[in-house]
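Participant: Take a look at the letters that make up each chain.
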Amino acid sequence: MTIRAKMKSPGLLFMATLMCLFLALPVYGEEKKEAAAVAAEEAAPKLEVSLELGRVTYQHYCTPCHGVKGDGNGFNAPHLLVKPANHTDSKFMSERNDTKLFDTINLGGVEVAKSTLMPPWGAALGDEKIKSLILYLRELCKCQATKNW
Amino acid sequence: MKLSFQDTKLLLICSGALLFITAVMFLIEFETDRPWKGIQRDFVNLDQELTKKALAEAKSMADGTAKDELTAILIKRIETLDAARPAIKQTWLTHFDTADRCMTCHLGIELPRFADAEQPFTSHPGDHIKPDRHTIDTFGCVICHEGQPVGLTVEEAHGQNHHNWMSPLLAGKRAESSCEACHPMRSNVAKDAVMKDAPSFSKGRTLYLKSNCLGCHVAQGYKRDAGIGPTLTKIATKSNTEWITAWIKNPKAYLAKTAMPDFELEPGKIKAISAYLLSLAKPDTPDSTARAGLDDTNAVARGKEKLTDLGCLGCHAVDGKDEGFGPDLSRVAEKATPEWLYAWISDPAKYWPETNMPNLRVPGNDIQDLVAYLSTLKKGEAVVASQPAPDSALIAQGFDLVRDTGCTGCHNIATFALGYNAPPHDGIGQKRVDELVFGDTKIDQTLADWLQLKVKDPRAFNTVEIPTLMPKFGFSDEESEDLLTFLLSIRKRENIPADYVKPLAVPGSPAVAGAMLIEENNCLGCHKIGDKGGTVGPDLSFQGERINPEWMTNFLMSPRKIRPINIEPTRMPTFGFSEEEARQLTAYFADISKVSYPYYQPKQVNLSSEDMEKAWKIYFQTFSCQSCHAWNARGGIVGPDQSDLAKRLRGEWVRKYLENPQKFIADVQMPNFEMYPDELEVLTKLIMTFNEIPAPVWDAIKKRWDDELLAKQAASMGAE
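Residue numbers (the numbering used here), protein chains in the order written: chain A, 28 to 176; chain B, 37 to 756.
Simulated from the structure, these hints should not be mistaken for laboratory data.
For each residue, glycine too, the CB sits at the ideal point set by N, CA and C.
No false leads were slipped in.
Cut-off 30 Å, straight-line C-alpha distance, at most; resulting in silico cross-link-like pairs (DSBU-like, lysine-lysine): (1) B:K568 <-> B:K699; (2) B:K699 <-> A:K141; (3) B:K692 <-> A:K73.
Far from chain B by the CB rule (all over 10 Å, computed), these chain A residues: (4) S77; (5) L78; (6) K96; (7) D98; (8) G99; (9) N100; (10) S121; (11) N124; (12) K127; (13) F129; (14) K169; (15) C170; (16) T173.
Computed from the model, here is a short list of chain B residues facing chain A with C-beta under 7 Å: (17) S660; (18) S663; (19) I673; (20) V674; (21) Q698; (22) N708; (23) D742; (24) L745; (25) S752.
Could you build all of it, start to finish, from the sequences and the hints given here?
Facilitator: If you want it as structure tokens, here you go:
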């Protein structure tokens, strides 16, 4: 629940952290389980943030709506009430800094007061893939953020 | 004292008699001091040694009851050993009406402390001897190891190199050939089924069945395949003299892993066979549809891509290694004409009804691209494919050769019946040595040696008077050993009592029938089950708990695409499963998912109007499911249409899936929305009613939420 919890209210996240701390207090069996979970997580190969990972991820997850070229004309775009953003539009994209893009992709359009038709990807993709996606978006728009929101 | 002559005579006679008696006694003693007595003495000495060592170790233990108990046991054992007198040991096998005396020498067989001892004292490896498996009391040694159970010398008991001994000892992995008598594994379980504790037997069996030995030999309980090689009746529409002759001469040069053996035929005979086969049908005339993409580089490139996209590589390789289920395609242009390729891809069963290649339902223009690409696949310079002018004498010779050589063991050819009559394999595992012909070979004259060489080099025993035709399969040493283990299992064993028979898998059960279908159709070429299989199609490990069985059965019988081409270019091909087969597979998937089969869709609990409102909001607004999913073609086309979802999926699964889609399909394009339990609850219930909603009702509801969405959008645009 962590990512969505953050979206609903920052208070919730604080509460959750407190809860976690509380749960982490020595409850023997729990602690062991926790350690195993951490070990398992560490065993999974950590992804390197890279333009290539961004490209692959984009082609797999984003192109149905945003199009193979990133121009917002994916095969699914005609079926959406709101037109997907054109990621090759450097004016549009330069108005969004990386933090903003991260929030959009992580938590969905609704997080940045945009349409719910832009889904939240955080729980499915994870930070590294989202950061890679941003590298790729910057490549698509050939732009950097001009405005710092 | 002076002895008289009489006395001396008496004394001499007496001492002579004494000497004689002693000698006789000595002889008797010597004669009865059979080797087993010495062996028993050695055993006692060895056990004394082991026990004393254990005792010394026990004495150095910390004081306590454990130490006391152990020392007492060990001391007692030493005393028992001291008092041990040689005696024949035997167990009477009531069910088999024989005594088993092997343990007279194999004294350590059940004692773990003899694990590292040398034979004959080594304890039995593995955990085969166990109260719930096999016990010495009920099986003795002879039931699995054969030999002569009453014999008391190595020669008599083992009889391994004894010419006319009926049942020589089966030692080591050869003993695996006995398992099958009580744990039957004939043609009613999959070819690659594995008996866990009989790896050599299992490998041998798989090899035997997949090499289609049954095409020429028969054995009770084993079924002849409908044809492992393609039909040759219409080969004139497919191939040419050059390819056919090169193929017969050395099949493995073209396909490294082909099951087709080497018949070691002279060139003249090969030419005759080829002439006969090509005379059976007329070659196709060049056809513009089939050839449309030829020499068009774009079509070739598209074809190459489609070979991957359509999933062809699930069964075929194009790298020359020939490791797939279907033949390697890297030289297919040498073999097949564009016309044949086009017709074959359109409908493989039309050319060869028994083929395992399914129908991929590929549209014509895609087939043209595929043919264009496949027609570029050849090695070196293109050979001039020719069809010979008919030569009736040659054709007649070819007819005789095809009839006599064994081609019909694997191929359907014209009006020949499928199958070839080589000597039956019934009882081959207990053939007497005097029934075997050893020819000029110098090998040990035992059945095992004979079989192993026969498998490796079938014509090794040929003499001028007795030539055999069996072709060469090119089995490795290891493969011939496994085949030997398997062949030894084909023996008549009428003395097995019914209650000894314990099938490890129930023939005809969902598990067995499903596994057979999965093997036969190479489902694992594209799909994963557990940690085995390909990644072309979806993972099948959890489809039992995912899919409604009724839907699955129908889908298997007539598959169709449920996801758009853009998301999934591959399609499930049509295998032409009968309803019975489709049901067996469905039951198999339920079985591996441990869910009930058949399955009754639970009646949906009605949602309160309040919950209904909440659910619609979640569907259209919070997560906007309609952006990727359609309902009766209204909505997004990234995921499957949801109007019949309730018929396709199991409700419990929908809920689990929504909670974390990536848990089931790691790279699925559906986001994880991190739904709260109450959201999951009402949303699942709502979705499972989608098939009952009338279209006008849906449209009205959708319009309401669309309007709201547009209004929101307008407001946010204004804000920006």
